[in-house]
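Listed below are the residues making up each chain.
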Amino acid sequence: MEFSAKQISLLLNGEIIGNEDVRVNTLCKIEDGKEGGLSFLANDKYEHFIYDCNSSIVIVNKSFSPNKALKPTIIKVDNAYESFAKLLDIYNDYFLNKTGVASLSFISKTAKVDEDIYVGEFAFIGEGVKIGKHVKVYPNCYIGDNVIIGDNVTLFAGVRIYHNCIIGNNCILHSGVVIGTDGFGFAPLEDGSFKKIAQIGNVILEDDVEVGANSTIDRSTMGSTIIEKGVKIDNLVQIAHNVVVGKNTAIASQTGVAGSSKIGHNCFIGGQVGIAGHLTIGNRVKIGGQAGILSNIKDDSTIMGTPALNAKDFMRSYSIFRKLPQMQKQIDELTKKLESLSPPSGI
Amino acid sequence: MEFSAKQISLLLNGEIIGNEDVRVNTLCKIEDGKEGGLSFLANDKYEHFIYDCNSSIVIVNKSFSPNKALKPTIIKVDNAYESFAKLLDIYNDYFLNKTGVASLSFISKTAKVDEDIYVGEFAFIGEGVKIGKHVKVYPNCYIGDNVIIGDNVTLFAGVRIYHNCIIGNNCILHSGVVIGTDGFGFAPLEDGSFKKIAQIGNVILEDDVEVGANSTIDRSTMGSTIIEKGVKIDNLVQIAHNVVVGKNTAIASQTGVAGSSKIGHNCFIGGQVGIAGHLTIGNRVKIGGQAGILSNIKDDSTIMGTPALNAKDFMRSYSIFRKLPQMQKQIDELTKKLESLSPPSGI
Amino acid sequence: MEFSAKQISLLLNGEIIGNEDVRVNTLCKIEDGKEGGLSFLANDKYEHFIYDCNSSIVIVNKSFSPNKALKPTIIKVDNAYESFAKLLDIYNDYFLNKTGVASLSFISKTAKVDEDIYVGEFAFIGEGVKIGKHVKVYPNCYIGDNVIIGDNVTLFAGVRIYHNCIIGNNCILHSGVVIGTDGFGFAPLEDGSFKKIAQIGNVILEDDVEVGANSTIDRSTMGSTIIEKGVKIDNLVQIAHNVVVGKNTAIASQTGVAGSSKIGHNCFIGGQVGIAGHLTIGNRVKIGGQAGILSNIKDDSTIMGTPALNAKDFMRSYSIFRKLPQMQKQIDELTKKLESLSPPSGI
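Residue numbers (the numbering used here), protein chains in the order written: chain A, 93 to 439; chain B, 93 to 439; chain C, 93 to 439.
The following block holds chain A by itself, in its conformation from the complex (with noise of 0.2 Å):
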């Protein structure tokens, strides 16, 4: 893949400064600049970069004048990083760029795939299962019977998706992502033993969700575990049965939802955070990396610490538990000298 600086402009429809025949392969950073490299430069923060690039060419905004010789040619756009982030995505679709059925894929009889689907090798996809178009199945997924997946979405390596769960259009589910697993639901029999509860509802992922690598999310007792439209989940994250995550909520790394949970809309949820089953998470609440929330949170909150506090009531009590040793001593001072000015017992 390799493209000139003409090609680019064109693409873009940028102004070219320099040698428009110069060829480029990779795209980096304009600090990492070498030979064959696309870098741009968008904030005048890193304007010094650019005098000691070694890239091929360098995307720029109409607005920059150098105020020295450059090394790269240069190509003048409207707006530098979205012409820039227009480059990466071209770029990453054709690493991405996949197609047809592998002969070592498994697709039952009965399932109906669209005609353009990509299935890669090894990958399993089971009986009644509705695959929409321009989909991508990689190597080794397992998509049980009765799935239904929309338009657009991308399975990668090794996702396994159990029977009847439901994937909207344009969804992303990484490698190891497994969606409807059975709920940790038991019911404690009188000699300490368990009772395993049949997990027999499934899990709803509406269009836009994307999960990251190894998350697992739990089919519901009965009905559904709903993430909704525009749903960002990072990697190592639990979503347990019965849960709903509201629309455009992003939730990062190893965070766990337990059973039965409801968040709100376009909540930032960082990582490592645990909320407890049962409860109602406002919309648009930030919860801070680590958190544990054991109650009910109000729209608009920000919250940290376990059990959880508004963030800053939590900075306020934390900043004096680092000085409790010294506030011990305060106390033991004040009780020495209030004993010295006490009047001697006896009188």
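I should point out that these hints are in silico values taken from the structure, not numbers from a laboratory. Treat each hint with caution, since some may be false.
Stated by the list, open to error - Quick look at which bits of chain A chain C covers, simulated, 3 or more residues with Cβ under 8 Å:
#, region
1, 176-185
2, 223-234
3, 262-276
4, 298-304
5, 317-328
6, 409-420
Note that CB positions come from ideal geometry on N, CA and C, so glycine has one too.
Chain A is fixed; fit chains B and C onto it per the hints.
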């Protein structure tokens, strides 16, 4: 899968009130009832739902007598909850009723597997493996050399069991579970690098153990990491080498147990708990979510916090932690007041 | 696999006391000795075990002289621990001595793989992949396009490596490891939804890196996420995009490192630690389990808590946290006493 009220009534030994020919094809909560649905009412608290319920059939306790007209057909049974749980099991078994050995699977010639097992596509069964009756090995599973698996075991898609491990009867392992990976054992060398210590032991799961998706259980250095009978482990849990987890203990998601610790029987361990290495946790211990355990714990303790304290003590201290700024103010006022009381120096 | 005392003695250059023809087929701890077992005694503290030991052979230091009769055959060597570790390695290699390319695997025509590698059933090797000598690719592995793998690498069953990543020599990746998944990068849009930022970088594991089961390492946005030589990573660990982990650092289970943070060399990081993004952690830093790191950390620090403090300071404060109720009582008594000392108002 469709059943009439008559068929279900016969199965549950119940009494029909209403149309015995009405048919259902799904199970649903009484508050989410819809045509073709079967629901149950076991708790008086939810009785009001039944009067607006659109389910075609509702299973109720014998004692139930409606105070208004009802749309659904009613089936009266001795115990509505247990009858419904029975139907849940039947419904679930229907979807998990896989049989046969896929031609695209691999079974070593030296493996001894019962005739009636299910082996899905792209599953691998190594040399010398022994597998009992009614075992289901879903697609993409890996069973290493000399692994022994009992009867009635289910390995969902993509389970990995390393060589020499032993899985008891009636165990359920969910997708992405890894059993028998090397313990994290390294000898630090003088130059700061590490020499790997070979981990030649194995993992033993006793009967009736369930392990959630993407959880990992390390093989012992020598001897065995042991998960005793009836233990239930949630998703994304880590059990390190040489650990023993006692009978009927339940471990919630994302908890980690470090090397060589022994956990008693009938414990309840919350989510995201960390248990340090070489500890002994007693029997019937309850550990709150996110607790960090750094010392041995006595039988029947209930603990939380990091480092963990008795739960009530932790909450008492934490309630004062929340008010530390006020406490600091109170102390400062005391200091001031005391200074005003003290005789001026020099007298 | 069975060996006589004579064979083992020759291998270890030892001296036999007892029956040189006795045979062993397993390794076991001296306290768990059984017929056919081989144990070792390196530490005087455990000497009492040898007198009741049922192992057929025990390896001891030259200096050991028994004060009672012994059942096992004894092999005296210069260093019993090192000799036994050597046997552990041999024993382990025996089980991991896989060879050949399975007919049910898939290797792209454009891949360049050394002749002597092992490729297990249902393993996938993509376009342009390069694989060195003595590499083992267990069943169900996925190696994306253009991945480069050095010599003596082991990928256990179900490892996933995304396109363009680089794995150094002598690396060991356990089951379920995901290398090179997309970093969690999204630009928030005005309507509260997110635009995915293409992640076009890669992951580089340098030589001698081990990664535990189901751990995930994200590819860089541009450039590389780098795990330096000799780093050891436990199970279920998350390394985000653009992170650098320095030489010979060890990271325990379930720890997460957020985007763009740089960790120094020779650090010890406990389990369930969270490290926020864009931080610099010094060299030889020790981080206690469950700590939350929100700021840069200097070389040679030992820290714990969330937010993390110097470990000694944290423990000092925490020991007072435990006694906060008493402290509150002490302050209330002081207040009362002071009031009784103050002159009555109005005088």
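Evaluated hints:
Figure legend: the region 176-185 of chain A, annotated as covered by chain C; annotation consistent (5 residues with Cβ-Cβ distances under 8 Å, at least 3 required). By the rule of at least three residues with a Cβ nearer than 8 Å to a Cβ of chain C, the coverage given for the region 223-234 of chain A holds, with 3 such residues. Here the region 262-276 of chain A counts 4 residues with a CB under 8 Å from a CB of chain C, which clears the bar of 3, and the coverage holds. Given a C-beta distance limit of less than 8 Å, the hint that chain C covers the region 298-304 of chain A holds, as 3 residues qualify and 3 suffice.
Closer than 8 Å: that is the beta-carbon criterion, and the region 317-328 of chain A has 5 residues meeting it against chain C, so the requirement of 3 holds. For the region 409-420 of chain A, the assignment as covered by chain C holds, since 8 residues bring a beta-carbon within under 8 Å of that chain's beta-carbons and 3 suffice.
Figure legend: structure checked against the earlier numbered hints; every hint is met.
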